[in-house]
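Chains as they are written, first to last, in the numbering used here: chain A, 10 to 518; chain B, -13 to 406.
Simulated from the structure, these hints should not be mistaken for laboratory data.
For clarity, every value in this text was computed on a predicted model and none was experimentally measured.
Be aware that one or more of the hints could be misleading.
To be verified - Simulated restraints on C-beta separations: (1) B:V255 <-> A:P104: 42 to 48 angstroms; (2) A:P104 <-> B:N321: 55 to 61 angstroms; (3) A:N145 <-> B:S377: 58 to 64 angstroms; (4) A:T148 <-> B:Y100: 42 to 48 angstroms; (5) A:R361 <-> B:A390: 29 to 35 angstroms.
Glycine residues also receive a C-beta, built at the ideal position from the N, C-alpha and C atoms.
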Amino acid sequence: MTDDILRMRGITKTFPGVKALQDVNLSVRQGEIHAICGENGAGKSTLMKVLSGVYPHGSYEGEILFDGDPCRFATIRDSEQRGIVIIHQELALCPQLSIAENIFLGNERAARGLIDWNRTNHEAGGLLTRVGLRENPVTQVSDIGVGKQQLVEIAKALSKEVRLLILDEPTAALNDEDSAHLLDLLRGLRDEGITCVIISHKLNEVMAIADSITILRDGRTIETLDMKTDHVTEDRIISAMVGRDLENRYPPHEPKIGDEALRIEDWTVHSPTQRERKVVSGAGLTLRRGEIVGLAGLMGAGRTELAMSVFGRSYGTDISGRIYRDGKLVEIRSVRDAIDHGIAYATEDRKRYGLNLIDDIKRNVSAAQLSKLASRGWINDNEEYRVAEDFRASMNIKAPSVLSVTGKLSGGNQQKVVLSKWIFTDADVLILDEPTRGIDVGAKYEIYSIINHLADQGKAIMVISSELPELLGLCDRIYTLSAGRITGEVSRQDATQERLMQYMTKGQE
Amino acid sequence: MSSISPAGADVTPGGKDAGPAGPPGRTSLFGISLNIRQSGIYIAFALIVVLFSVLTDGALLQPQNISNIIVQNSYILILAIGMILIIIAGHIDLSVGSVVAVTGAIAAVLMVNYGVPWPLALLLTLIAGGLIGAWQGFWIAYFGIPAFIVTLAGMLLFRALTLTVLGNQGIGPFPDPVRTLANGFTDGYLGNIGLGPLGGADLFSILVGVIAVAGMATSQWRTRSARLRYGQDVDPPALFLLKIIAGAVVVMAVVVQLARFKNLPWVLVLLAFLVLGYSLITTRAVFGRRIYAIGGNLQAAMLSGVKVKSVVFWIFVNMGVLAALAGVIFAGRLNQAGPTAGNSFELDAIAAAFIGGAAVQGGVGKVVGAITGGLIMGVINNGMSLIGAPSERVMLVKGIVLLAAVAFDVWTKRRAGSAA
Chain A
10 MTDDILRMRG ITKTFPGVKA LQDVNLSVRQ GEIHAICGEN GAGKSTLMKV
60 LSGVYPHGSY EGEILFDGDP CRFATIRDSE QRGIVIIHQE LALCPQLSIA
110 ENIFLGNERA ARGLIDWNRT NHEAGGLLTR VGLRENPVTQ VSDIGVGKQQ
160 LVEIAKALSK EVRLLILDEP TAALNDEDSA HLLDLLRGLR DEGITCVIIS
210 HKLNEVMAIA DSITILRDGR TIETLDMKTD HVTEDRIISA MVGRDLENRY
260 PPHEPKIGDE ALRIEDWTVH SPTQRERKVV SGAGLTLRRG EIVGLAGLMG
310 AGRTELAMSV FGRSYGTDIS GRIYRDGKLV EIRSVRDAID HGIAYATEDR
360 KRYGLNLIDD IKRNVSAAQL SKLASRGWIN DNEEYRVAED FRASMNIKAP
410 SVLSVTGKLS GGNQQKVVLS KWIFTDADVL ILDEPTRGID VGAKYEIYSI
460 INHLADQGKA IMVISSELPE LLGLCDRIYT LSAGRITGEV SRQDATQERL
510 MQYMTKGQE
Chain B
-13 MSSISPAGAD VTPGGKDAGP AGPPGRTSLF GISLNIRQSG IYIAFALIVV
37 LFSVLTDGAL LQPQNISNII VQNSYILILA IGMILIIIAG HIDLSVGSVV
87 AVTGAIAAVL MVNYGVPWPL ALLLTLIAGG LIGAWQGFWI AYFGIPAFIV
137 TLAGMLLFRA LTLTVLGNQG IGPFPDPVRT LANGFTDGYL GNIGLGPLGG
187 ADLFSILVGV IAVAGMATSQ WRTRSARLRY GQDVDPPALF LLKIIAGAVV
237 VMAVVVQLAR FKNLPWVLVL LAFLVLGYSL ITTRAVFGRR IYAIGGNLQA
287 AMLSGVKVKS VVFWIFVNMG VLAALAGVIF AGRLNQAGPT AGNSFELDAI
337 AAAFIGGAAV QGGVGKVVGA ITGGLIMGVI NNGMSLIGAP SERVMLVKGI
387 VLLAAVAFDV WTKRRAGSAA
């Protein structure tokens, strides 16, 4: 056990109302590649933030031993001084600065306060060779692709004499070629004696590169597997990741499935920032009246992007494909078009995209379909009040009055306001993105009941969720999305978490 | 967490869900609830008026002086109406001073140099203002350049255009009807009426005042009874009556003073219509609601199907038209269009909006608030010049008032936030 570079013991981290980590243990051996696997929200990123000092010592329980010494990091700088460097999923580079400037950001090669540009660019060149990036160090970072930017991040880590390199989903945004190069580089670094911790959803990659794997679930350590001694298969990892019993948290529901309401064919969407990258490619799916359809996918699979691009092209560029509403081919060019065609999209981030938080319940409910309350451009505000009051009663929105400001409501009540807004548009197709995110258990049950009720009214519903049990408990049929492609379609009877996870982790073949 | 699973049970009312969510800043005073944040501005205005009345031995409220305050500030108030819409949407317009200058110059060239009949010339000037607004609105809404930059450029562009049109001199004089609109008063159509110790006053003006008050009271009454029918909360009858009486007293006091001087200024009539119209647009119209939605949360507005670009475009067109109206009135008042007309008007209009309760982040503000903000500055200007304060001290006080008003707004907001 003396060859462990890192040991984290009994780590517990609590956020208001949620235990994100509970008595987590992690041991990483010197010079290995250690993978951490788990579902969205299992606590992987939180654990790494505890380790790197993003959450300072004292904000969690448990202890961290690095090289056998107890560590009490107050900031990221403290952990970097010990040689622990974390590379986040969202790259932290300044796009307007050069590669060399980024590598030495906060760690400038300077003498008496003045930057030594020769040394900066020369040393940067050396680091770029080490990571296998053939670019001029003075090139602006915005001019190179994401794959190369990832390598710049690693070069930056190497400049700090890294001993433990942590990568959070390093290949999520990369294509196959760049991913392969990155994995090769990690093997090379391992041979140089640098220890890596890699968080990844792509199990084939994990199988290919890791020496050992720790699996987290619901904020707890499930097990640590050694690739050499344990008989490890993807199935075994999956069952450890999802092995949670489904409790009776979902209201019972008998679906009454009717005609097709929405069909998407050959739907392809490109990223607005990297125009050559396909975020969704060739996706097709069908929603029927009275049916609740789930869309499962890991972070970065393109779920929200798919939904928003269908909802009036509110995400993405260079979108192609066909949308059929009630069997008829329709052209939807704007959010207004989508609403007019009876499509609604309730966002996953209701504070940023869903509500006007400084305005009251009444005006938020009416916001998407004011024309129903107006004649010749003038609003009947008494009718508006009545409509909002009706929703407050029927949706059980807990607020003193509909004139209450939505920013002060709890998450569950805010979500009910968002749902009211979309129900008020008389939409036949409702796309609900993470409808229960950040909502406590009691309110979740209410939201599920509302969704069932909407389906019974003959509406077609698609639920996007990171929580597989939620999809299994709620949906009549589930599509899986991986790397922008629909990789599976499973009916309620055939759906298991293991099966879904298999489809969700399918690579791009 | 997962232990609280209602197995087939009915909806569990989560205790955490029922948070307090009343409107912020309400304090109960003798059973009358008072919204400090919303009414603070009116209280401040009343205090400032009282203060300067005392300091000037009542000269502030003399008939002629009230008339002066209205006429001298009319163009700023017109600009403030347009500006508040832009600020609610989360934008800004720095160019209005230069637009006032260039539209005044256009009006002068048309009326004086080319002898175009004044109604047509006025119309053409307003259209020119609209085109200027469309030009800026295009770059802001459809090209995506921040309004700060576009209108900063506009400030230079339209000042340059003014100088090009006028050379280095003023053009005038304006036709009489235009001067009357800017500077004149309604005729004494019905003769005078004796008001006892107050002396004679214009009967027509007083009748207009009475009709306005009656109209205001009936519309308030009808709004109140409609709300009651829908079971909404309304002010208790005593408070409702108190508000109506207070409003009526203020309006009638101003009207009587004006009637004792030279009747109603035409710009006041114009302003009254503008304030009424734009208040209705902001509170009752779909278009107005969209402005608030955009300023409150741009992303949410977009995802609710609001055509953000078109709304932003049209509020800048509207600003251009109002700036042209202000430009004609300002030039008409001076009886000449000058190259320095409208200098720093944009700052007064912006200050009026913020003193009147607009939020820097957008989404908040009222037309009446902006008008009150403009009047607060007008009264400070006027009152301080009456007591003979030098102009640098006037500037100092206006600066402090602006800062204090926004600081108060931020403070009440923060207090409301932490109280929850």
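Hint by hint, which ones does this structure get wrong, listed from lowest number up? Hint check: 1, 4 fail, others pass.
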